[in-house]
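These protein sequence lines map, in sequence, to chains A and B.
Letter 51 of the first sequence, counting from 1, is numbered 51 in our numbering, and no numbers are missing.
In our numbering, each residue carries its 1-based index in the second sequence increased by 143.
Think of the hints as simulated: they come from the structure by calculation, not from any bench.
All of these numbers come straight from a predicted model, not from anything done at the bench.
Just so it is clear, CB atoms sit at the ideal spot from N, CA and C, and this is done for glycine as well.
Careful, some of the hints might be misleading.
Here are the simulated distance ranges between beta carbons [said to hold, decoys possible]:
(1) A/Met-1 - B/Pro-294: 51 to 61 Å
(2) A/Glu-138 - B/Gly-636: 27 to 37 Å
(3) A/Met-1 - B/Asp-443: 31 to 41 Å
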Amino acid sequence: MKVLTARQVATLGAIAEQLVPADSDPGAREAGAVNYVDGVLSGYQAERVALYDAGLQGTDETSQLMFGRNFADLQFDQQTRVLKAMEDGSAQGETWKAVSSREFFALVWNHVLEGFYGPPQHGGNRGYASWKMVGFPEHSGTL
Amino acid sequence: MVGARAGSLSNFELRLSKLETMSLKKVNAVVVGSGAGGAIVAKELSQAGLTVVLLERGKKYQMKDADHDILRSQYYNSGPLGFGPEIKANPRTFRLTPDQPARLVYANEGEYGAPYGGTAAAVGGGTVPFGAMSWRFVEKDFKMKSLYGVPEGTTLEDWPITYQDLEPYYTKAEYEIGISGAADANPFDPPRSRPYPMPPLPYDRAGEALVRGAKKLGLHPFPLPLAILTKDYDGRSACVFCVFCERFLCEVDAKSTMHATMIPKALATGHCELRAQCMVREVTVDERGRARGVICFGLDNKLYEQPADLVVVSCSATESPRLLLNSKSKRFPAGLANRNDQVGRHIMHHVGGGGAIGFFEEEIFEAYGPGFTAGLSDFIHANGAVLGGGVVTTNAEYRQPFSFARSCGWRLGPHPWGKAAKEFVRKYFRHAVSLGSPGQGMPTETNRVDLDPTVRDAWGIPVVRTTHRVHAMDIRSSFFLTTKCIEILRAAGAIEELLPRLPTEQDLEWSLKNNTRGGLGEHQVGGCRMGTDPKSSVLNRYCQAHDVDNLFVVDGSCFPTIGGFNPCLTIQANAFRAADYIAKEWKGGAFRTPG
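Build the full structure now, drawing on both the sequences and the hints.
As structure tokens, this is what we get:
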């Protein structure tokens with residue numbers, strides 16, 4: 001990764017898995033959504049690094065306050081509850097006094113969808129996982 | 144505050160007063176903006192024998208640049224827009240009403256360019272990525288004030304021309320640009336002197352669903368008129384039915400864009416020069432108050448004056464008023480051609496549009512074709528409910544996996560993600576029919592574009608500040624047309640549990656009371672409207688400024704009404720008509736400036 005630390009990769013990977021979980025088809029983590037976000041943050045949206053740093057830290061802070069562990073170490077259902085609180089703007093934590101959890105959540109949601117459902121040349125949608133899932137022609141992605 | 148220009152000049156603030164302006168060789172006409180209006184004027188004038196310089200702030204894209212990349216496409220993205228403008232270099236501000244502070248907006252926020260008010264910044268303008276819908280207005284669109292009066296809170300006006308004035312130019316545009324359609328299929332079509340030059344695209348499965356539902360309701364569906372070739376035409380290839388049309392550059396130039404049609408013809412005359420990536424700062428005037436030329440930035444960021452006998456401004460409904468307002472002089476202290484404070488006013492959009500997505504048991508998605516083939520005009524005027532109305536068409540807005548995944552939200556409750564969302568996308572992506580309708584937006588007293596008092600772009604030029612909130616009639620239109628879309632989907636056999644519920648009277652009352660809808664997008668028109676009275680218009684019936692005989696504004700900004708149709712073909716027909724006038728007058732000796 002160019003920008004994200006190992007800890008951030010773990011946290012963001014867990015968020016991505018919440019947003020698009022693996023089932024009979026790969027989820028967003030397996031499909032490379034974190035790799036995609038790293039590319040965005042080291043490229044045309046470098047100014048968003050600060051929001052990601054704060055937001056991922058806030059995610060861990062809320063997780064600690066709610067369940068006593070960092071986000072990546074929580075149970076799946078606990079993670080869901082943390083994210084819902086962030087999305088609602090009701091998440092506990094000092095971080096969220098300076099940074100909007102709603103804004104951070106909305107950005108991550110958008111980026112993970114781009115990374116999961118977009119064309120693979122941007123680092124996500126490994127092996128056209130999402131396009132295979134919906135039957136969108138893979139060969140159409142590049143001329 | 145200055146936006147950062149991409150490349151080597153980030154945060155470079157240009158001290159304009161210290162820059163010298165180099166004067167270029169004078170030409171007969173300088174055209175600013177190479178979109179639907181400017182490209183046609185440049186081509187017509189250069190074919191009529193004038194020397195023309197066509198300036199365009201955006202880049203030139205060609206077939207080889209087509210990449211099918213939804214994340215680098217136009218109209219919706221959090222990322223870079225495929226066809227401009229550069230995001231950070233071109234900030235704007237937006238507010239709903241004049242009493243509010245305006246907030247910073249960037250071109251890649253929101254959907255379809257709203258509320259930023261973007262079209263594109265490219266050689267060919269918005270026609271490069273557009274969805275190719277090519278409609279004629281109907282006769283009533285030109286005389287709405289005479290027909291309906293002026294609804295309270297609006298500044299509704301008649302056009303200073305009739306449909307009959309424009310008809311020959313609609314025909315000319317359809318043949319010169321290359322529009323496909325069926326002339327005898329729409330009972331509400333206005334009269335036409337010639338059929339379309341080629342047949343329409345065949346219905347796809349989504350189109351067949353609309354036809355099925357519409358016929359059940361006694362409506363009159365027909366194949367869409369589109370700027371998409373259905374046969375090889377004028378040296379260009381017919382459509383090859385890829386899946387990447389609206390938002391994307393056409394890889395075979397079957398989309399009848401300005402860069403594939405008018406601009407090559409203009410250049411072929413040998414005396415039209417196209418200069419891309421050339422930002423125009425202002426229009427200059429001489430001591431008599433006639434246009435003298437324009438000042439622009441070259442690729443070297445140096446300032447150049449391009450003198451000309453006449454100036455044609457074709458920058459879009461947001462950028463043309465901006466250019467005029469930024470062109471201040473002793474004779475025009477409030478901006479060029481703005482003696483009566485009309486520049487930037489009466490802007491309109493299709494914010495009153497409606498739409499709905501339905502889902503079907505049978506498969507709808509096909510891995511070929513643009514994805515929009517059918518429509519109906521039953522709700523254009525005389526719809527018993529709202530002023531003006533709008534066409535209803537299928538659209539391809541959710542035909543890409545990414546776009547579809549972002550759209551399902553409302554069905555899935557307050558947290559539209561996770562297992563349920565993924566299952567929904569997997570199950571229904573191939574079963575969706577999306578209908579939309581561009582309901583007319585009314586012009587109002589306060590809706591306008593002007594200059595932001597503090598924000599500047601990367602070139603140091605004051606940016607557009609948009610003040611726009613929809614009129615109550617627009618909200619009624621939105622509800623009415625959404626209701627119609629849902630009814631058509633239901634009649635077509637859409638799965639009932641997945642249809643949106645019909646909007647209620649309470650919903651409507653709530654929206655009217657809590658009106659927070661506003662913002663121009665890619666269908667923007669108005670801002671320099673045509674009219675007979677200089678007190679309430681900027682241009683005469685030939686798009687000529689009332690106050691400046693050698694200044695023309697030829698793009699969507701000249702519209703007094705927006706119609707219930709995508710505006711492109713009307714912009715183009717009107718551009719042919721204005722160019723005809725300019726060329727005739729030129730041949731009679733008009734517009735010459737000495738020196």
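> Is it true that the C-beta distance of A/Met-1 to B/Pro-294 lies inside 51 to 61 Å, as the hint says?
Replying inline: 58 Å, holds
>> Verify the CB-CB distance for A/Met-1 and B/Asp-443 against the hinted window 31 to 41 Å.
In response: Hint holds: Cβ distance 38 Å, inside 31 to 41 Å.
>> Does the beta carbon distance between A/Glu-138 and B/Gly-636 stay inside 27 to 37 Å, or does it fall outside?
In response: 30 Å, holds
No hint from the list above goes unmet by this structure.
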